[in-house]
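In the order they appear, the protein sequences are chains F and X. Everything in the first sequence is counted per my numbering, starting at 1 for the first residue and increasing by one. Everything in the second sequence is counted per my numbering, starting at 1 for the first residue and increasing by one.
By construction, these hints were calculated from the structure, which means they are not laboratory data. Be aware that one or more of the hints could be misleading.
[Said to hold, decoys possible] Simulated coverage check for chain X against chain F, where a stretch passes if three residues somewhere in it have a Cβ under 8 Å from a Cβ of chain F:
no., region
1, 10-24
2, 71-82
[To be verified] Capping the alpha-carbon separation at 25 Å, the derived lysine-lysine pairs in DSS-like fashion look like this:
no., chain 1, residue 1, chain 2, residue 2
3, X, Lys-61, F, Lys-16
4, F, Lys-40, F, Lys-51
5, F, Lys-54, X, Lys-58
6, X, Lys-70, F, Lys-258
7, F, Lys-262, X, Lys-88
8, X, Lys-58, F, Lys-262
9, F, Lys-153, F, Lys-127
10, F, Lys-262, X, Lys-61
11, X, Lys-88, F, Lys-314
In this text, all values refer to a predicted model and were calculated from it rather than measured experimentally. Glycine included, each C-beta is placed from N, C-alpha and C at the ideal position.
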Amino acid sequence: MLNRNEILETINMVEKEHFDVRTITMGISLIPCIRDDAEKTATLCYDRICKKAKNIVKVAEDLGAEYGIPIINKRVSITPASLLTSSFSGKEVVLAKALDRAAKTVGVDFLGGYSALVHKGMTSYEKSFIESIPEALSVTDRMCSSVNVGSSKAGINMDAVRLMGKIIKQTAEVTKDRDGFGCAKLVVFCNAVEDNPFMAGAFHGVGEGETVINVGVSGPGVVHHALKSIKGASIDEVAETIKKTAFKITRAGQLIAKEASKRLNAEFGIVDLSLAPTPVMGDSVAHILEEIGLDSVGAHGTTAALAMLNDAVKKGGVMASSNVGGLSGAFIPVSEDIGMINAAKSGAITLSKLEAMTCVCSVGIDMVAIPGDTPDTTISGMIADEAAIGMINNKTTAVRVIPVPNKGVGDFVEFGGLLGSAPIMAVSPYGCSPFIERGGRMPAPIHSNKN
Amino acid sequence: MRAIVTVIGKDKAGIIAKVSTALAENSVNIEDISQTIVQGNFTMLMLCDLSGAKLTLKELKNNLLELGEKIGVSIHVQHEDIFNAMHKI
Numbered sequence: 001m002l003n004r005n006e007i008l009e010t011i012n013m014v015e016k017e018h019f020d021v022r023t024i025t026m027g028i029s030l031i032p033c034i035r036d037d038a039e040k041t042a043t044l045c046y047d048r049i050c051k052k053a054k055n056i057v058k059v060a061e062d063l064g065a066e067y068g069i070p071i072i073n074k075r076v077s078i079t080p081a082s083l084l085t086s087s088f089s090g091k092e093v094v095l096a097k098a099l100d101r102a103a104k105t106v107g108v109d110f111l112g113g114y115s116a117l118v119h120k121g122m123t124s125y126e127k128s129f130i131e132s133i134p135e136a137l138s139v140t141d142r143m144c145s146s147v148n149v150g151s152s153k154a155g156i157n158m159d160a161v162r163l164m165g166k167i168i169k170q171t172a173e174v175t176k177d178r179d180g181f182g183c184a185k186l187v188v189f190c191n192a193v194e195d196n197p198f199m200a201g202a203f204h205g206v207g208e209g210e211t212v213i214n215v216g217v218s219g220p221g222v223v224h225h226a227l228k229s230i231k232g233a234s235i236d237e238v239a240e241t242i243k244k245t246a247f248k249i250t251r252a253g254q255l256i257a258k259e260a261s262k263r264l265n266a267e268f269g270i271v272d273l274s275l276a277p278t279p280v281m282g283d284s285v286a287h288i289l290e291e292i293g294l295d296s297v298g299a300h301g302t303t304a305a306l307a308m309l310n311d312a313v314k315k316g317g318v319m320a321s322s323n324v325g326g327l328s329g330a331f332i333p334v335s336e337d338i339g340m341i342n343a344a345k346s347g348a349i350t351l352s353k354l355e356a357m358t359c360v361c362s363v364g365i366d367m368v369a370i371p372g373d374t375p376d377t378t379i380s381g382m383i384a385d386e387a388a389i390g391m392i393n394n395k396t397t398a399v400r401v402i403p404v405p406n407k408g409v410g411d412f413v414e415f416g417g418l419l420g421s422a423p424i425m426a427v428s429p430y431g432c433s434p435f436i437e438r439g440g441r442m443p444a445p446i447h448s449n450k451n
Numbered sequence: 001m002r003a004i005v006t007v008i009g010k011d012k013a014g015i016i017a018k019v020s021t022a023l024a025e026n027s028v029n030i031e032d033i034s035q036t037i038v039q040g041n042f043t044m045l046m047l048c049d050l051s052g053a054k055l056t057l058k059e060l061k062n063n064l065l066e067l068g069e070k071i072g073v074s075i076h077v078q079h080e081d082i083f084n085a086m087h088k089i
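This is chain F alone, in the form it adopts within the complex (with noise of 0.2 Å):
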């Protein structure tokens, strides 16, 4: 028999502590669908989806039934949708209410992969594609969009990093009426993942199988409760705890993702073990970090607190899974995390100590609110910033800012549900625009030369 206090451990986790698994997300590749016309191609593509992802609701929520682990969101991921539509540049926004109409009928929560992969050069049908990309998102309700603008092998895009700027303003300003919320499903990479299931920046990349089964395990809240038994204790004592704790988490996230392969007739792809908080209490990134012993988020200590969680997180998940990849890591997304909002409030954490945070985790500026009026180029700063982190760093970085429109520093945003709310952060006030319009290609560090 069963250890009793392993069973209640887990009873409790799901009970008192938010324990779950954030997404199980079906990726497809739609390059069997591609056609020289829009509307063949988004038939094509909305009859696959529809096909494949079909019972992939029903079998989560059985699942989630049979083990008692809710899983909250189900998702599917596509192939980079800039690749379907190179033949009919211009009517892009077909395959886009297309890919709408598909997350809807199936039942998933959101869809991703409306993505351009230009992180080296940017063809004419791609540039086309991305300035598809502000009226895409403000026609349609489920669909995520990603721009990867650099990697360490390739460098930076600055083409594409100010390009980027431009759109998110402008896919702000025709979302002006809901807050600028079209930027929420907005994401712009730098070293972005084939196989990442958790939105926005999610899709299915063309090194991928066909239909392939991602699944993202969460638990801040268990990860929290855990750290609070030993107060006190040394760091390395506070590591070893997160690490068996994402362990666990992680075996559970495994057990789900090879179920749900095999009911799904699809291949297990990865299990992604990020800390995704949401914005209700006890699920908080946030307050993990501020049990391990700062006064607040923001606090000097932060970046070295997050370095040892995200570490620790990854250890203990790697060896609980046979294929560890997504994001993997802790997120900082400000408007999703109640500690996080908080801090923002009171003026504890500031943007360039969430510059500073995402060196040492995945992913990067994540959910925050700026002024509508911060210029364009200023967001392509952000932007090169956070590619170069990434970049330099060898790891996957993003931005997903919101200029909210007619809003400044002080004003509040609220997005609902699981994006949460937040309040408008001050970007510094002084700008970038002759770098930015420099344009080019940002030459790949040294020690990219592996070869």
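Using the hints provided, position chain X relative to the given structure of chain F.
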């Protein structure tokens, strides 16, 4: 397939009887049972075999959830594998 049934709540007469009757009625075999008081709460763990059961794990879960509400205890039914996965290397 085996499942773990966990019953947690305020101790009172007849809990074991009611839960095991519900299991027996659906041909669920109890292989092992342990019961104790944890922090003032009645806590019972049952290892059940569902291979000859008249209903699926999900249906059994819903049945027992209802029963739990009726007699004022919380009842969980979970596939055994989740505990093996999380707590055994």
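Taking the hints in turn, this is what the structure says about them:
1. 10-24: violated (count 0)
2. 71-82: Three-residue rule met by the region 71-82 of chain X, so holds; n is 7.
3. X:Lys-61 - F:Lys-16: The given pair, whose Cα atoms are some 20 Å apart, holds under the 25 Å limit.
4. F:Lys-40 - F:Lys-51: Holds, at about 17 Å.
5. F:Lys-54 - X:Lys-58: 20 Å, holds
6. X:Lys-70 - F:Lys-258: 36 Å, violated
7. F:Lys-262 - X:Lys-88: 22 Å, holds
8. X:Lys-58 - F:Lys-262: Judged against 25 Å, a Cα distance of about 18 Å means the pair holds.
9. F:Lys-153 - F:Lys-127: 22 Å, holds
10. F:Lys-262 - X:Lys-61: 23 Å, holds
11. X:Lys-88 - F:Lys-314: 19 Å, holds
Hints 1 and 6, counting from the list given before, are not met by this structure.
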